[in-house]
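Take the sequence shown: its position 20, counted from the start at 1, is 29 in the working numbering, and no numbers get skipped.
Treat the hints with caution; some may be incorrect.
Pairs of lysine to any residue, SDA-like flavour, derived with a Cα cap of 20 Å [to be verified]: (1) Lys72 / Glu39; (2) Lys72 / Thr23; (3) Lys113 / Lys90; (4) Lys113 / Glu130; (5) Lys113 / Thr13; (6) Lys122 / His110; (7) Lys90 / Thr13; (8) Lys113 / Glu39; (9) Lys52 / Glu39; (10) Lys113 / Gly74; (11) Lys90 / Glu130; (12) Lys52 / Asp118; (13) Lys72 / Asp118; (14) Lys113 / Thr36; (15) Lys113 / Leu15; (16) Lys113 / Met101; (17) Lys122 / Thr25; (18) Lys122 / Gly61; (19) Lys72 / Gly46; (20) Lys90 / Asp43; (21) Lys72 / Asp40; (22) Lys122 / Asn57; (23) Lys90 / Ile127; (24) Lys72 / Asn50; (25) Lys72 / Gly61; (26) Lys113 / Cys48; (27) Lys90 / Leu64; (28) Lys113 / Ile123; (29) Lys113 / Glu125.
In short, the hints are calculated from the structure, not lab data.
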Amino acid sequence: MFRTLLGGKIHRATVTEADLNYVGSITIDEDLLDAAGICVNEKVAIVNNNNGERLETYTIAGKRGSGVVCLNGAAARLVQKGDIVIIMSYVMLSEPEIAAHQPKVVLVDGQNKIREVIAYEPPHTVL
Numbered sequence: 010m011f012r013t014l015l016g017g018k019i020h021r022a023t024v025t026e027a028d029l030n031y032v033g034s035i036t037i038d039e040d041l042l043d044a045a046g047i048c049v050n051e052k053v054a055i056v057n058n059n060n061g062e063r064l065e066t067y068t069i070a071g072k073r074g075s076g077v078v079c080l081n082g083a084a085a086r087l088v089q090k091g092d093i094v095i096i097m098s099y100v101m102l103s104e105p106e107i108a109a110h111q112p113k114v115v116l117v118d119g120q121n122k123i124r125e126v127i128a129y130e131p132p133h134t135v136l
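Work out the full structure, taking the sequences as your base and the hints as a guide.
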């Protein structure tokens with residue numbers, strides 16, 4: 010049996026752009042993708058903390074060190090520049106793999122620069 014668990018997460022990133030006319034996807038600073046273990050073209054779930062919208066799309070690498078988090082295409086209707094989002098990828102693991110699995114949770118500042126990477130989120134805390 011396989012289960013779906015959190016693989017990587019970019020927690021409370023600030024949307025830097027929303028480009029309705031782009032083909033689609035989310036452009037993310039390559040440093041953030043690497044830190045969270047999220048691949049280019051990987052499916053991600055996105056939660057908008059400002060309005061509660063949830064969506065799925067795939068990733069495109071943005072310029073390394075730029076802090077870019079840009080929702081493209083139809084997803085641009087669900088966010089605004091300055092919104093706070095959580096970006097999550099998931100992995101499918103076998104029962105034996107689960108015990109050793111640790112997700113990569115990337116905490117960022119207001120400019121989407123990495124503050125810390127953790128593997129465990131304490132319950133009932135604001136990170």
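Q) Looking back at the hints listed earlier, which ones does the structure fail to meet? A) 3, 6, 7, 11, 12, 18, 20, 23, 25
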